Amino acid sequence: MAGTRARETTAAANGRAGTGTTVADLRRQVRDLTDRWRVQGRYTPRSDNWMRGFDLDFSRELARRGLLGLAWPTEYGAGLGQVARLAVTEELLRAGAPVAAHWIGERQIGPAVLGHGSPELRAEILPLIARAEAVFCLGMSEPEAGSDLAAVRTTAEAVPGGWTVNGRKMWTTGAHHATHIYLLARTARTERRHHGLTEFLVDMDTAGIEVTPIIDLAGEHHFNEVTFTDVHVPAHRLLGTVGEGWRRVVEQLSFERGGPERVLSTYPLLARCVHALADEPPHARDLQIDLGRLTARLATLRRLALGVARQVDEGRAPTVEAATLKYLGNDFENDVVDFARRVCLRVPDPDLRAAFAQALLASPGFTIRGGAADVLLSLIARQETRT
Amino acid sequence: MNDVHTELRDLVDDITAAPRDPDRLWDTVVGLGLHTIGVPEDRGGSGGDFADLAAVVGRFAHRAASVPVAEHAVAAWASTRAGRPLPAGGPLVVVFAAGAGGPYPAVPWGRRAAGLVVVGPDDAVRYADLAGRRVEVGEETNPAGEPRDAVDAGDIPLADLAEAPDADAIRARIATLRAAALAGACAGAYELTRSYVRERRQFARPLIDIPAVAASLATMKVAGLQVQAAVDRAVDLHAGPAGPESLLAAAAVARVVAAEAADTVAGLAHRLHGAMGVTREYGLHPLTTRLWAWRDEYGDEESWARLLGTHTTDGGELDLWERLTG
Numbered sequence: 001m002a003g004t005r006a007r008e009t010t011a012a013a014n015g016r017a018g019t020g021t022t023v024a025d026l027r028r029q030v031r032d033l034t035d036r037w038r039v040q041g042r043y044t045p046r047s048d049n050w051m052r053g054f055d056l057d058f059s060r061e062l063a064r065r066g067l068l069g070l071a072w073p074t075e076y077g078a079g080l081g082q083v084a085r086l087a088v089t090e091e092l093l094r095a096g097a098p099v100a101a102h103w104i105g106e107r108q109i110g111p112a113v114l115g116h117g118s119p120e121l122r123a124e125i126l127p128l129i130a131r132a133e134a135v136f137c138l139g140m141s142e143p144e145a146g147s148d149l150a151a152v153r154t155t156a157e158a159v160p161g162g163w164t165v166n167g168r169k170m171w172t173t174g175a176h177h178a179t180h181i182y183l184l185a186r187t188a189r190t191e192r193r194h195h196g197l198t199e200f201l202v203d204m205d206t207a208g209i210e211v212t213p214i215i216d217l218a219g220e221h222h223f224n225e226v227t228f229t230d231v232h233v234p235a236h237r238l239l240g241t242v243g244e245g246w247r248r249v250v251e252q253l254s255f256e257r258g259g260p261e262r263v264l265s266t267y268p269l270l271a272r273c274v275h276a277l278a279d280e281p282p283h284a285r286d287l288q289i290d291l292g293r294l295t296a297r298l299a300t301l302r303r304l305a306l307g308v309a310r311q312v313d314e315g316r317a318p319t320v321e322a323a324t325l326k327y328l329g330n331d332f333e334n335d336v337v338d339f340a341r342r343v344c345l346r347v348p349d350p351d352l353r354a355a356f357a358q359a360l361l362a363s364p365g366f367t368i369r370g371g372a373a374d375v376l377l378s379l380i381a382r383q384e385t386r387t
Numbered sequence: 001m002n003d004v005h006t007e008l009r010d011l012v013d014d015i016t017a018a019p020r021d022p023d024r025l026w027d028t029v030v031g032l033g034l035h036t037i038g039v040p041e042d043r044g045g046s047g048g049d050f051a052d053l054a055a056v057v058g059r060f061a062h063r064a065a066s067v068p069v070a071e072h073a074v075a076a077w078a079s080t081r082a083g084r085p086l087p088a089g090g091p092l093v094v095v096f097a098a099g100a101g102g103p104y105p106a107v108p109w110g111r112r113a114a115g116l117v118v119v120g121p122d123d124a125v126r127y128a129d130l131a132g133r134r135v136e137v138g139e140e141t142n143p144a145g146e147p148r149d150a151v152d153a154g155d156i157p158l159a160d161l162a163e164a165p166d167a168d169a170i171r172a173r174i175a176t177l178r179a180a181a182l183a184g185a186c187a188g189a190y191e192l193t194r195s196y197v198r199e200r201r202q203f204a205r206p207l208i209d210i211p212a213v214a215a216s217l218a219t220m221k222v223a224g225l226q227v228q229a230a231v232d233r234a235v236d237l238h239a240g241p242a243g244p245e246s247l248l249a250a251a252a253v254a255r256v257v258a259a260e261a262a263d264t265v266a267g268l269a270h271r272l273h274g275a276m277g278v279t280r281e282y283g284l285h286p287l288t289t290r291l292w293a294w295r296d297e298y299g300d301e302e303s304w305a306r307l308l309g310t311h312t313t314d315g316g317e318l319d320l321w322e323r324l325t326g
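From first to last, the protein sequence lines are chains A and B.
Take UniProt numbering: the last position of the first sequence gets the number 387, and nothing is skipped along the way.
Take UniProt numbering: the last position of the second sequence gets the number 326, and nothing is skipped along the way.
These are computed hints drawn from the structure, not numbers from a lab.
Be aware that a few hints might be false.
Partial pick of chain A residues on the chain B-facing surface, computed with a CB cut under 10 Å [claimed, not checked]:
1) D290
2) T295
3) A296
4) T300
5) L325
6) S378
Under 10 Å between C-beta atoms, here's a sample of chain B residues computed to sit facing chain A [to be verified]:
7) R194
8) P211
9) S216
10) A252
11) E260
Since this is a predicted model, take the numbers as computed values, not measurements.
Beta carbons: idealized from backbone N, C-alpha and C, even for Gly.
Can you make the complete structure from the sequences, with help from the hints?
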């Protein structure tokens, strides 16, 4: 059954975004779709909507057009590679579209399953992600394990037919919408804490899983605490090899960190600033210089994102480059918010002011997710001084 | 980096392995033809493309060499495009004149220049042949001690280079090469610093074991990757059909990012080196003084940022986006 549906997805992908599709076509498709939905009032562009904007209908519309799983091989996706996928993701971010429903699954669970999932797991999970039927959340962080994932304490104990999971996951974005959770759990207590970690894909409706909201400072509900009490995970939902979870999660973080969403979360706000300044240049000469500086950084970050995509297409895991992109990108996103603050002080524009306020409240999260800035620097330093 | 770039880099490393005085280094460069990369062979150049030239300029900077390769190569490219034969030796230098005539301030290697390609305030491109002429030169230097002379060409006639490339294309080329040089010097300063903090022991352990030192080193690395990405972007654009305006905007991006990186890298390199970094004998100051000098040459950071900001407000968001992703 799953196999049949996978083939249908492939056919759909080949029909719309497959062989012969150019990057320009992909961009045009995304622009047409987002323009239409925006004009129809079906979404309002806003900053950070890849994390905050959950709309299953929108994600499924993208799936119907074959725009999910673009980089995956043709058996499961469009076979177009990461550079083509970058064109689509950055157009979605530019539009501030509500893409949270498929974002995590398509970005990093799909590649992880492709990379080291069993054939059965691939056949089961990948079509679900490509059709935006599976909504994934990431069960990585815990109360005692934030950026330091090797400190994970949630346990998975081998039992006949699978595993029994006990523990708590924290800061789990979108768990209240998710159908599946990626779970990093400890399957062995070892001397070296980077050993003994294992990955699983777990159905969220399994008995024993409880989701408790954590409300953020904007009053919005995105984070959750997820508790596992004697949760049974069937054996075939093991991802990869028992005890190899650490290496895999590090690879996965390259996908998590190296994408354009680490740069473009506040692009919709920047776009509004450009618009506001176009009408008032005489009062805003100094702001034009700062806008030029932001433009220069943005163009460079976009080039870095392209470099990461190219390296992934070549089969490499660009750890330092991805960490660099995220580190610099988050800085940029925050500086856009501050720039918007200064534009607001000069140019009376209620819409801009509202967009600024929304982005400001979202901004403390930018540097935290995917590894805090200081953690990224120490990761880069370690890589650089390894001989 | 492709194989040709690796070979060029090794060649530059060879000829800069031992310190030489600038005249002898220039003679070697001319002997090898490194000064006319990017000028087609049928016009008297060495062939190769702009990316090859940028790789060479970046590597000379990495080695903190004083040699006017970028200045000559751009002037040679522009003047031969206009049908003017190359003089033997050189160097030729590009000058952006503020007024209709001279004197021209801060001309790189003005005291040795064989000719000037002068881009006027009206964007007209002209040529001053200085060979065998009497030229008043006020010798001055930039903070790195490189010649930046006041050149008064007096009554030497300026010849129109009617077929020369667009003035903005010339600006984009030389500015991009300065950015490539800044990226090279950033990489040189970074490598020196990385070695130093791994070898130097304080408090009974290598400096790199101190978390704040590791974070500073990583910050330098990040700045270096950033400037190299901006330079690669600008350089790649020269291989395609981009017009002068796009080339100039990409150069501006590279220069704004390079100026910030130069500041970060030079500051942290000195901080991490401590007293060792301020000695005449140690090899850091030739790199950091170049970073300080070059970031302001052929346009300062603020003027490049203003150009980009004006482009953005004039062109609007869609235009910005298409330049970013095109």
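Outcome of the hint check:
no.: 1; hint: D290; result: holds (7 Å)
no.: 2; hint: T295; result: holds (5 Å)
no.: 3; hint: A296; result: holds (4 Å)
no.: 4; hint: T300; result: holds (4 Å)
no.: 5; hint: L325; result: holds (9 Å)
no.: 6; hint: S378; result: holds (6 Å)
no.: 7; hint: R194; result: holds (7 Å)
no.: 8; hint: P211; result: holds (7 Å)
no.: 9; hint: S216; result: holds (9 Å)
no.: 10; hint: A252; result: holds (7 Å)
no.: 11; hint: E260; result: holds (8 Å)
In summary, this structure violates none of the numbered hints.
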